[in-house]
Every structure is written in structure tokens, then in C-alpha cells.
Amino acid sequence: MTLTFEENPFHVLKVSIYDTKETINEQTDELSFENPDREEIFEQARTILLNPKKRIAAEVWKIVGDDIFNDFNIYNLSRIDEKFSAQNPKIICEQINSARAKSKFPIVQDTTAVKSELKDIRYDIREKIQGILNDMTRDGRIRLATDIADNLNGDFGVIVEDFFEGYRLEMNTLFDEADKKIVELGKIKFQFKGEFSQFLYEAEPIIKNFCAARKPLDKMSLVIGTANFHETERIFYEVRSVAIKIFNEKNLIDYPLKIAKILEENFSYLPTLAEKIHEDINFLEKQNRLLEEEKTRHPNKKFLETKRTLESIINSIDNEIHFEKGFEKSNLKFYHEQFRDVHEKTLKRVLNLKGYTSDEQKILNGLCAIIYLRIAVATTWTEYPQKSYEFFQAALYFAKKSDDPELIAFARKRLDEWEKIIDKPKINFTEWLFIILTIIAGTILFGPIGLITGIIIVAKILNKDK
Amino acid sequence: MKYFVGIDLGTTNSSISTFDGENVRVCKNKRDQSDVTPSAIYVDKRGKRFYGKKAYENSFRQPESCAKLFKRFMGTNTKFKLGEDELKAEECSAEILRELFKNLPDEIRENKDEVGTVITVPAAFNQMQNAATLDAAKMAGLGKVALMQEPVAAIMRVMKDNQVDGNFLVFDLGGGTLDVAIAERTSGKINFLANGGLTMCGGRDFDKILFNEFVVTWLKENYSLPEDWLTQKKYQKLQSLATYMAENAKIELSTDERVKIEGETGIEDEDGEEIYIDVEINRADYNTAIAEPVMKAIETARVTIEKSGLSAGDIKKIIFIGGSNNYKPIREKVVAELGISGSMEVNPMTAVSEGAAIFAELVDWNSQEHERKATREQFKSDAELGLSFRYESRTPDKKARIAVVLEKEIIGYTFEITSLDSGWTSGSVDLKNKNLVTVPLHKRGENKFSVEVYDKGGDSVFLENDTITITQTFANVGALLVAHSIGVEVKERLGSNVSRLDYFVREGDTLPAKGTKKFRAGKKVRAGSDDSINFKLWQGEIEDNISDNLFIGALKISGDDFEFGTIIEGAEIICNYTIDDAGSINLEVEIPAVNESFYKNFYSREEGQVNFDKAADKINSDGKNLLEQVRDIGKAIKDDSDYEKLQQAGEIASTAINATQSNSDREELKHIEEDLQAAKKILADIRERNRKNIRRENLDGWRDYFETNLKRFAKPSETTQIENLFDRAEMLIEREDSAFEDTISEIIGVSYGIAIRDNEFVVGTFNSLMKNPDDFDDKATFYRLAAAGKNAIAQRNYVELRKIVSGLYSISRCKGDELLTVNIIKA
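First to last, the protein sequences are chains V and E. Per our numbering, residue 88 is the first one in the first sequence, and the count goes up by one each step. Per our numbering, residue 23 is the first one in the second sequence, and the count goes up by one each step.
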């Protein structure tokens with residue numbers, strides 16, 4: 088018979104397990120008379136208590152259930168578990184019979200009915216736990232389950248197992264949603280760079296939440312030895328398959344590696360998966376090293392072409408520019424017709440192409456620095472010192488990007504030298520007039536603040552010229 | 023309701039009675055003035071139907087034009103040929119009910135709206151049999167009808183005359199069924215403590231024994247008859263006549279020590295000699311012949327006593343009811359075996375219908391569920407004063423209490439209660455809240471009282487309601503008891519292969535019952551999809567092998583049943599159930615995730631019912647399954663008494679395996695089916711007692727199998743996994759729940775995954791499936807796959823063979839509805 092704490096006939100009729108049939112009858116009549124709406128309930132309670140067989144359920148509940156349910160605290164689950172596991176049908180039977188000797192009911196012959204009632208009490212505890220879990224927030228449930236799982240030591244009973252079953256049922260929505268979203272994300276075709284980032288951006292929190300919720304269950308499974316990690320593995324392999332797809336189909340290593348690191352961070356608590364992740368990361372890192380080495384040995388074609396293009400620009404400058412007097416016009420012509428209109432555009436185009444390794448990029452930047460140094464020097468033989476100054480500045484910019492200390496030092500030295508040689512840029516009359524008027528207007532309109540602002544603007548202009 | 027009617031719809035005889043609140047009257051059959059009407063229908067050559075005695079007598083001369091014993095097949099698909107027509111058992115019962123109703127006095131028949139009828143059913147009847155009885159009542163057009171268990175009705179009748187307190191055992195051995203009930207009477211209040219019974223044990227079975235043991239043996243010895251003469255049409259009349267003679271002889275044995283069955287038959291044997299029956303039987307031989315079913319009945323009584331929690335010494339007396347108890351040696355045997363004195367204080371043929379009529383008076387016929395009337399009521403006497411009276415409206419006592427209920431305090435008022443029947447008066451009593459007056463009840467039935475209220479000045483105050491009616495009853499009945507446990511099949515946990523029964527009610531729980539059970543969905547179902555949440559309902563007590571119980575129906579909530587949303591795995595399912603006094607269950611399922619409630623009729627009347635004219639195949643298959651279980655359990659048991667019981671179960675299994683449609687009539691097959699059901703229960707008890715040993719045997723078996731046959735095919739990870747599972751199973755051997763079986767199921771899953779890589783295993787599995795064609799209902803697919811499998815073996819196409827084996831598993835018989843896999847989880 089299934090009872091709950093509140094439905095226990097002893098509670099309903101407010102009688103004890105020592106009360107006789109007469110007391111039960113009187114109490115039922117009294118309560119029914121006082122509260123006719125509940126007559127049916129009182130009558131049912133009486134029928135159970137007067138039936139020697141059915142009464143066992145109520146007695147077991149009174150002896151065991153009261154103890155467990157009166158002080159039911161889910162945060163102390165191990166205690167409930169211990170209490171329930173400690174129940175001994177034989178002892179309960181003796182307790183019942185001792186009470187029956189006083190209440191004058193026939194004694195209970197064997198423990199079969201007691202065992203059956205204990206089973207029902209277990210399911211009531213399970214239902215109660217389920218109800219509490221249902222009322223908790225998701226995070227609260229995860230925290231509680233994690234705490235219980237972290238303290239599992241193999242010595243626990245059915246109540247703890249039932250807790251995790253209840254927890255699993257409550258968290259199923261999260262698992263289900265995670266599964267659905269990961270499968271959906273796995274369908275991305277990864278044709279654009281943005282799609283890789285989108286995958287990582289969206290998948291990482293899902294994986295994180297999923298694993299946090301899943302971990303207690305998997306730990307439980309580990310402890311009891313059933314090794315039932317299907318759901319965790321399904322998500323894991325779904326994400327891993329994305330990494331494999333990117334690696335195989337897009338010939339990329341950095342994104343798969345990033346995915347592998349996310350997997351490492353979240354799934355490593357499972358030994359079988361940890362091993363797999365470790366293998367994956369090792370493999371990807373090895374592949375990465377090999378690729379770098381390969382690139383060093385066999386630079387890629389695009390880089391070589393760009394390098395050749397830049398070198399041909401250097402050659403062109405060297406061939407066309409003459410560093411002696413009388414060639415100002417022809418140098419200027421080269422600058423206008425060749426360098427500005429053709430070479431500089433080519434340089435910008437090839438430099439913006441994708442697919443260079445970082446080392447390759449540095450080499451190309453070095454070549455660009457050389458190109459600008461050459462053209463800067465070439466233009467010193469023209470009447471445009473300001474242009475030369477700008478080219479030296481560009482040379483220093485590329486030298487810095489080349490990471491070549493010698494080149495940087497050289498470009499900086501030349502820029503400094505040329506700075507000393509060229510005339511300081513002057514501010515003309517109109518500009519001075521504008522500055523003075525701005526300061527006056529500022530002072531009139533805003534007082535000292537306007538004055539200060541005007542001075543700051545002048546300082547900025549002067550500084551800009553420098 | 024003015025008239026209360028009780029009907030005992032019996033296997034061989036039926037009766038009808040009325041009750042007016044004070045007196046019970048048995049309504050005699052109008053044609054022959056007997057108290058009972060034989061439950062038989064006869065149709066003459068012109069198609070005219072006759073009922074009762076005439077039909078019964080004709081059944082022996084023209085068996086092909088008669089239907090009888092249909093109660094034994096209620097709730098089955100077995101048909102009865104009646105001339106040109108074929109009738110189901112409930113249709114036959116409907117005709118008998120109609121006929122019985124004709125025996126009622128005219129004033130009752132003419133006021134059908136004022137009649138409440140209680141029809142009795144054996145306590146051992148299952149859900150489908152109860153539903154079929156209600157259908158019969160509906161077809162008969164009886165009006166307001168409620169069902170009641172026969173032993174409850176019998177006790178009602180007994181308690182009418184017997185006003186002594188104590189525990190009683192009612193032993194009702196009728197024409198076809200045995201009902202046992204134990205009730206306690208305390209100060210006019212009847213409490214039922216336990217009930218039990220057998221649906222295939224009664225006078226009809228004793229007749230058959232007498233016929234088979236004495237008449238058939240004698241006929242075989244004296245005449246030239248073929249082996250299967252009992253199933254040959256040519257000898258049908260001989261069989262009927264001989265049965266008739268045997269039945270009469272049995273009645274004579276009640277009074278005579280020695281009887282003779284003799285008479286002409288008008289039938290010639292194979293040599294052309296006319297058969298003249300001349301058999302002499304003495305009582306001692308007959309007693310020996312019927313000893314087995316009698317002992318079975320006594321054992322049922324013993325089990326019922328045990329279920330009540332009492333011992334024989336706690337029971338005051340056995341009250342014998344039912345026609346078969348007219349045979350004194352049976353009564354004496356029961357008394358001697360149980361060690362309780364016996365009594366025949368009521369008419370055994372009519373006690374049940376009389377008790378049913380008395381019970382009809384207890385029913386509130388205006389209520390939807392035909393609940394019992396309240397025994398305490400409260401009515402508002404005057405709104406202005408805020409005055410109500412609370413009183414005992416029905417009591418077996420000779421006095422009752424009336425209490426004042428006041429919503430506000432009134433000072434200086436008094437009241438007086440006067441009996442309108444005897445003139446008794448309470449005298450002036452202060453009108454104060456909770457003031458009590460005890461009134462005498464002068465007669466059985468309704469006692470009326472008037473209430474007068476006087477104000478401060480002593481003037482009478484007008485009251486809106488001033489009459490109180492209190493009924494003095496023969497007895498007040500406490501809650502009735504559930505005869506069979508009814509449960510829904512659930513999984514213990516998500517993904518588990520092992521099911522268990524979650525009971526709505528257990529045998530012996532009180533009726534009516536209602537409650538709520540919470541489950542969780544084990545499968546995701548989207549609106550509009552073909553997927554479904556499936557419930558299976560079973561009747562029985564076998565918790566570990568659910569399919570050994572009686573499948574009573576299924577409930578399926580599919581994606582088509584709701585328009586929006588998704589039921590995810592783990593979604594809450596709330597199941598509200600009600601079970602009425604007759605034990606019939608109603609179910610409402612609520613799924614908050616899709617905001618829907620489902621009221622579906624879940625009875626699988628058609629699928630669950632068996633046609634006993636075509637049941638041999640099913641019985642053979644059930645027999646094989648049982649024998650397999652017997653063998654498995656046999657390996658693990660140590661106790662001698664269990665071994666004996668196991669042997670009995672083995673014998674039942676053998677009988678079932680050897681049953682054929684040509685050699686066994688429908689009654690014999692029904693008997694075998696009942697025996698199978700009983701044997702399954704015995705096995706379940708043995709399993710329960712020996713659970714630890716059986717589990718140990720099972721685990722060791724799997725461990726050996728893995729070590730010997732599978733380890734060499736297993737990957738290291740699989741070996742580790744399976745060894746962990748063995749360790750876990752080892753730990754769970756003593757646990758009460760199904761975690762051990764769950765783990766074994768996982769071991770089987772992993773093992774199957776390993777074994778299927780082995781070609782020999784696949785061939786072996788295929789061959790073993792081929793040995794049991796009875797396990798497949800879809801024979802066409804079975805033979806197609808069988809042919810394809812043999813071909814695959816010949817061609818050594820093991821990939822194909824694996825697919826075929828999997829196909830065969832998918833069509834193998836699963837009790838209940840094989841399309842429905844239960845997918846609800848215990849919350």
C-alpha cells in the first residue's frame with residue numbers, strides 16, 4: 088500500500104501505534120462527527136488500522152517514515168541515505184509486534200510486508216527529492232549535485248542513487264537543448280572566417296554549462312562502475328567532429344586546436360575522454376610544428392611571388408634612379424610615372440594578400456622598408472624634401488613591422504638625419520590669424536577656459552607640424 | 023430511489039432479490055416458481071429463445087441450440103453458437119439479466135427510474151470481466167447499475183440476521199467460481215479484511231470430474247468409441263446426455279451413499295451397438311475424485327486468512343454459501359482442514375442476490391460514481407440564525423446523535439427534538455454550539471424527527487428546514503477491498519531496460535480509491551509526430567516479471583493528440599486515477615509541458631481478450647515460457663518445499679505445452695490458462711524467496727559465458743567495462759530494487775555487441791529462433807525471414823544474417839501490445 092507521511096492513518100486519526108481497536112473506533116467516530124467533510128478519509132484510515140495486514144504499512148511508516156520525513160533536509164542527503172540504509176526489516180517487525188502486544192492486534196509473522204513497505208517509503212523519498220529538485224533553480228541543482236558527487240566515496244545507498252536519477256530528469260531539458268544546439272552548430276559550413284569565430288563564441292558556453300551539469304552524473308557513474316557516459320560522449324564527439332571537419336576540409340590547425348582546448352577544459356574529468364583529448368591536442372600541436380617547419384623549408388608560392396615582385400621594385404628603383412646631379416627631372420619622372428602610379432600600388436596590393444605566415448610577413452615588410460628607403464633617398468635629389476621625409480617615415484614603419492633591429496636602426500637614423508636637413512614647416516599668415524582669432528574668441532566666450540583651450544589647439548598644430 | 027434490486031449472475035444459476043429498507047425478498051422465477059433461474063439459453067427451430075430451466079433441460083438434448091456457462095468466458099472473445107447466431111458471453115448474460123428482471127414485481131419493473139440494481143461479480147474477476155458484466159447490464163437496459171463483489175454481498179446477507187461481533191469467513195463455492203472473504207463485525211460495523219477466489223472452481227468442475235472419471239471410463243470399457251469421441255459431432259449428444267446424468271447423480275450423492283447413472287441414449291457406438299449407460303458411483307470414490315479441486319479451494323481460503331493477517335483461531339466461523347456447498351462432505355472437509363466451525367445459516371442459493379439487494383440500499387444512486395451514502399450529514403436549518411444540525415444519518419445502532427452547529431452565538435434560545443414515529447421528545451435543550459442530543463431509533467429503515475426552536479420569550483421560531491431523517495441499517499459497511507493489484511508499468515530510470523510495476527492499488531487496499539501518481543516522460547514527443555508516450559496497465563502481483571501478470575490495457579499519448587509543444591524526456595506526467603467499489607479503474611493523464619489533459623479509454627478489450635476456441639497456440643507458447651522459467655529457477659533453489667512447488671509448475675507447463683484445440687474444449691483451455699496464471703504467481707513467490715541465489719546463478723552464468731566465449735572477441739575497453747559491470751552486479755545482489763537486473767541488462771547489451779561479431783553466434787541465434795515459431799504472431803514475416811536466413815547461411819552471408827536476426831527479434835511476441843514500449847519513468 089502506498090502511503091505518504093501526511094496520509095498515514097495514525098496521523099489522520101491522531102492515534103498511536105499502541106492504541107486499541109476501541110480507541111481507533113471512538114476516535115474515528117469523533118473526528119467524523121466533528122468534520123463530516125473528511126469522513127471518507129477517516130473511514131479509510133480506520134479500515135487500514137483495523138486490518139491486521141494493511142496496518143503494517145501504517146506501522147512501518149510510523150516507525151521509519153516519521154524519523155526520515157520529520158527532519159528531511161536535502162542538503163544532508165547522506166544522512167537520509169544512511170538512515171534509510173540502516174533499516175532492518177527484522178528489527179522493524181519486532182518493534183511492530185511489541186506495539187501490537189499493547190494494542191492487542193495479531194502479531195506479524197514474517198518480514199515480507201515490512202520489506203514491501205520499505206520499498207514504498209524509498210519511492211516516497213524519491214518523489215520528495217524530485218519535488219525539491221523541481222523547485223530549485225538550475226544552478227542550485229548543479230551546485231547541490233556537484234557537492235554530493237564530489238563527496239561520493241562508494242559507500243552510499245539507494246537514496247543517493249535516486250537523487251541522481253531525479254537530478255538527471257530535472258536537468259534533461261538542459262541536456263536536450265545543449266544537444267540540439269551543438270548539432271545545429273555542427274551544420275555550419277565554415278566558409279568564412281566569421282563562421283569559425285561564431286562557432287567558438289556560441290559553442291563554448293553551451294559546452295561549459297552542459298559539462299557543469301553533467302559532471303555530477305558522470306562522476307556517479309564512474310563511482311558505481313557502470314561507465315554510462317553516452318550523453319556526454321555524444322556532445323563531446325559532436326564538437327570533436329567539427330574540429331575534425333575543419334582540420335580535414337579546411338586544412339586549418341589553429342581553430343581545431345582552439346576547439347580541442349575547450350574540450351580539454353570541460354571534458355577532461357572523464358578519463359577516457361581526457362586521454363582522447365590529450366591525443367588530439369598532441370596531434371594538432373605536432374601538425375602545427377610540422378607545418379611551420381615545412382613552411383620554413385618550402386616557403387609558399389604566394390610569398391615567393393610577392394617577394395619577387397618587391398625585389399623587382401627595388402631593382403627598378405636601382406636601375407632608374409641616378410644619384411647624381413642633372414638627373415633630377417628623370418628621377419622625378421620615375422617617381423611620378425613609375426613609383427607612385429605603379430610600384431606603390433603593386434606594393435600595397437601584394438602586401439594585403441592573405442596566406443603569409445608571420446615570418447613571411449616580416450620578410451616582406453623588410454623589403455618594403457628597403458623600397459621606401461631607396462625611394463626616399465632618390466627623392467632627396469628632387470625639389471621635394473617633404474616627400475623624402477614622408478618616405479623615410481614609411482620606411483621606419485615597415486622596418487618596425489619586419490622586426491629586423493638593424494633595419495629599424497638604419498631607417499630611424501636616416502629619418503633623424505633628414506629631419507635635421509629639411510626646413511621646419513612654417514605656419515603662414517592666414518593660419519596665425521586663425522589661431523589668434525580662435526584664442527580671442529575663446530577667451531571672450533569662455534574666459535580663462537577658452538584661453539587655455541586656444542593655447543592647447545595652437546600647441547597641437549605646432550606639434551603636428553613637427 | 024424507491025426500489026433496491028440485487029442480482030446474482032451465476033455460472034449455472036442466477037437469482038434476483040429486492041430490498042425495501044427492512045425486508046429482503048427473493049423473486050421467484052415466474053415460470054417454475056423456483057428461487058433460481060438456470061443461466062442457460064435455448065433457441066428452438068423457429069428461432070424462439072427460451073431461458074432458465076427449459077433451456078437448461080434442452081441443453082442436453084440439443085446442445086448445439088443452447089448456450090450456457092458463459093459467465094466463465096466473460097471478458098474473452100469466445101463466442102457461443104445459438105442456432106444461427108453467434109453471441110459473446112456478455113450478450114448471453116444480457117439476455118439472462120433481462121429474463122431475471124421479468125421476475126420482479128410489476129410496480130418495480132414499471133418504475134425503472136426508481137430502481138437501483140447491484141449485480142454481483144466474483145472477487146477474482148479481472149478488469150475485463152467486470153467491464154463485460156457492465157456491458158451486459160447496459161445491453162439488458164437495466165437502468166442504474168453498480169457492480170459488487172459476491173462475497174461482500176454474501177456478508178451483507180449474513181450480517182442481516184447475525185448481530186454477533188467477531189471475524190467471519192465466507193466460503194462461497196458456486197456453480198463456476200469460488201469466492202472467499204473475511205470480514206470483521208464490530209458494533210454493527212463491517213470491515214472487510216481480505217478476499218480471494220478462483221474463477222474456475224465450482225460445481226461445474228466437479229460435474230466434469232464425475233463425468234470424466236466415472237462415465238467416460240465406463241463408456242470406454244464397455245463400448246467401441248474412438249479416442250477423440252468427445253470432440254466428434256456424432257457423439258456430442260451422448261456427451262450432453264451423459265453430463266446431464268452425471269450432474270443429477272452428483273445432486274443425489276448429497277443424500278445417498280451410492281447412486282446409479284443409467285439410461286438410454288439413443289446413440290450407437292462404432293460397432294452399431296446402442297449405448298445404454300449404467301454406472302454405479304459411491305460417495306467415497308467421488309470424494310476421492312474431487313479431492314484435488316476441493317483442496318485447491320481450501321488452500322485459497324488458507325491464503326486469504328493469511329492475507330487478512332489473522333490466524334484460524336481468530337475466526338469465529340465459516341459461513342457456507344453457493345450451491346456446491348450443499349454437498350456435505352465438502353463442508354466437512356473445509357471445516358476439518360481450516361479448523362474453524364462452519365455454518366449454513368443462510369440460503370446458499372440466494373444469499374448473494376439478497377445481500378446485493380441490501381447493498382443496493384447503501385448506494386447513493388444520484389452520485390456519478392454510485393458511491394455509498396454518507397453515514398454522517400449536516401443540513402442548514404435556518405440561515406438567519408446560522409443554525410445547522412450535524413447528525414448520524416445511517417447507523418446500525420438503536421440510537422443516533424444530533425449536534426447543534428451555530429455560526430454565531432445565540433443567547434437564551436432553546437430547542438427540542440421530537441420523533442415523528444414514536445412521539446419521543448428530547449425536552450428543552452439550550453441552543454448552544456456543539457450541544458448534543460441522543461435520539462432513540464424505534465425501527466429499521468427511516469426514522470424521522472422534527473426540530474423546534476424557541477426564542478428568549480419561549481415563542482416558536484420558524485425554521486426553513488426542520489426535519490431530520492436517520493436510517494437504522496442492518497450494518498454499516500467499511501471500505502471494500504481491492505481484489506487485484508493494478509499497476510502501471512514504469513522504468514526505474516531513464517534508459518533502463520528493466521520495468522517494474524508502480525501500483526495504483528494493491529490487493530487488499532480499500533475501495534473506492536483515488537489518487538495521483540507522478541511519472542516522467544522517457545521519450546521526446548513533438549506535437550504532430552508519430553512518437554508517443556506509452557502506458558501499459560497490468561493486473562497482478564508479480565513485480566519482477568511484469569508480463570506474467572494480466573495485461574489489462576494500454577494508453578497511448580501520441581504527437582497527434584496535442585497541437586503545440588514538445589514533451590521532452592523527463593517532462594512531468596501527472597496521472598489521476600479513480601477506482602470504484604467494483605474495482606473498475608478510470609484514468610486521466612495531465613502533461614503540463616504541453617498544457618493538456620488526456621481522458622482516454624485505455625482498456626484493450628479486444629487485444630487483451632482471448633478466444634478460447636483458438637487459444638491452444640498461445641497456451642502452448644505460454645507453457646514453453648513457463649517451463650523455461652522453471653528450469654532457470656530450478657538451478658538456483660535449495661529448499662525442498664520450493665522444489666516441490668516448482669515441480670507442480672513444471673507439470674502445469676507440460677499440460678499447457680501439450681494442449682491442442684482438438685483434444686481440449688474451451689473450458690479445459692480456460693482451466694489451463696488459469697493454472698498457468700497461478701503457476702506464474704507460484705514462480706514469482708519462489709523467485710522472491712530465492713532472489714539472492716537466482717541472482718548469483720545468473721551473474722555467475724554471465725561471467726562464465728563471457729570468460730569462455732566472449733573475452734577473446736572483446737576489445738580491452740569492453741573487457742574493462744564488462745568487468746566493472748560484473749563488480750557492480752556483485753554489489754547489488756542483495757538489493758531489493760531492480761538495479762541488479764539493470765546491470766545484468768547492460769552486461770547483456772555489451773556482451774551481445776561483442777558476440778555478434780562472431781559468425782557462429784549469429785548462426786546459433788538464428789537457429790534457436792527458428793525452433794520457436796510460436797513466439798511469432800506475424801507468421802508470414804517469420805517464414806519469409808526464416809527462408810532468407812537459411813539462404814544467408816548457405817551463402818555464408820553473415821552480414822545479411824545479422825540483419826535477419828535483428829528483424830526476427832523485432833517481430834517476436836511481446837505480451838500486451840508489441841508496438842507499445844513503455845517509456846514512462848517513476849518520478
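These are computed hints drawn from the structure, not numbers from a lab. Nothing here was measured: the structure is a model prediction, and the numbers come from that model. Misleading hints may appear alongside valid ones.
[Said to hold, decoys possible] When the alpha-carbon atoms are kept at most 25 angstroms apart in a straight line, the in silico DSS-like pairs for lysine-lysine are as follows:
| # | chain 1 | residue 1 | chain 2 | residue 2 |
| --- | --- | --- | --- | --- |
| 1 | V | K108 | E | K338 |
| 2 | E | K182 | V | K101 |
| 3 | E | K101 | V | K302 |
| 4 | V | K140 | E | K24 |
| 5 | V | K302 | V | K382 |
| 6 | E | K540 | V | K149 |
| 7 | V | K177 | E | K660 |
| 8 | E | K160 | V | K140 |
| 9 | V | K140 | E | K339 |
| 10 | E | K456 | V | K101 |
| 11 | E | K478 | V | K189 |
| 12 | E | K421 | V | K274 |
| 13 | E | K318 | E | K667 |
| 14 | V | K388 | V | K432 |
| 15 | E | K540 | V | K206 |
| 16 | E | K456 | E | K420 |
| 17 | V | K191 | E | K338 |
| 18 | E | K160 | E | K124 |
| 19 | E | K546 | V | K108 |
| 20 | V | K206 | E | K703 |
| 21 | V | K108 | E | K182 |
| 22 | E | K660 | V | K170 |
| 23 | E | K355 | E | K318 |
| 24 | E | K134 | E | K24 |
| 25 | V | K268 | V | K363 |
| 26 | E | K465 | E | K430 |
| 27 | E | K714 | V | K206 |
| 28 | V | K215 | E | K545 |
| 29 | E | K646 | E | K667 |
| 30 | E | K402 | E | K338 |
| 31 | V | K302 | E | K545 |
| 32 | V | K268 | E | K545 |
| 33 | V | K191 | E | K540 |
| 34 | E | K536 | E | K395 |
A quick look at each hint next to the structure:
no.: 1; hint: V:K108 <-> E:K338; result: 18 angstroms, holds
no.: 2; hint: E:K182 <-> V:K101; result: 32 angstroms, violated
no.: 3; hint: E:K101 <-> V:K302; result: 60 angstroms, violated
no.: 4; hint: V:K140 <-> E:K24; result: 38 angstroms, violated
no.: 5; hint: V:K302 <-> V:K382; result: 42 angstroms, violated
no.: 6; hint: E:K540 <-> V:K149; result: 24 angstroms, holds
no.: 7; hint: V:K177 <-> E:K660; result: 22 angstroms, holds
no.: 8; hint: E:K160 <-> V:K140; result: 37 angstroms, violated
no.: 9; hint: V:K140 <-> E:K339; result: 20 angstroms, holds
no.: 10; hint: E:K456 <-> V:K101; result: 21 angstroms, holds
no.: 11; hint: E:K478 <-> V:K189; result: 52 angstroms, violated
no.: 12; hint: E:K421 <-> V:K274; result: 82 angstroms, violated
no.: 13; hint: E:K318 <-> E:K667; result: 14 angstroms, holds
no.: 14; hint: V:K388 <-> V:K432; result: 21 angstroms, holds
no.: 15; hint: E:K540 <-> V:K206; result: 17 angstroms, holds
no.: 16; hint: E:K456 <-> E:K420; result: 22 angstroms, holds
no.: 17; hint: V:K191 <-> E:K338; result: 17 angstroms, holds
no.: 18; hint: E:K160 <-> E:K124; result: 16 angstroms, holds
no.: 19; hint: E:K546 <-> V:K108; result: 51 angstroms, violated
no.: 20; hint: V:K206 <-> E:K703; result: 20 angstroms, holds
no.: 21; hint: V:K108 <-> E:K182; result: 23 angstroms, holds
no.: 22; hint: E:K660 <-> V:K170; result: 33 angstroms, violated
no.: 23; hint: E:K355 <-> E:K318; result: 12 angstroms, holds
no.: 24; hint: E:K134 <-> E:K24; result: 10 angstroms, holds
no.: 25; hint: V:K268 <-> V:K363; result: 23 angstroms, holds
no.: 26; hint: E:K465 <-> E:K430; result: 35 angstroms, violated
no.: 27; hint: E:K714 <-> V:K206; result: 17 angstroms, holds
no.: 28; hint: V:K215 <-> E:K545; result: 23 angstroms, holds
no.: 29; hint: E:K646 <-> E:K667; result: 17 angstroms, holds
no.: 30; hint: E:K402 <-> E:K338; result: 44 angstroms, violated
no.: 31; hint: V:K302 <-> E:K545; result: 23 angstroms, holds
no.: 32; hint: V:K268 <-> E:K545; result: 19 angstroms, holds
no.: 33; hint: V:K191 <-> E:K540; result: 37 angstroms, violated
no.: 34; hint: E:K536 <-> E:K395; result: 17 angstroms, holds
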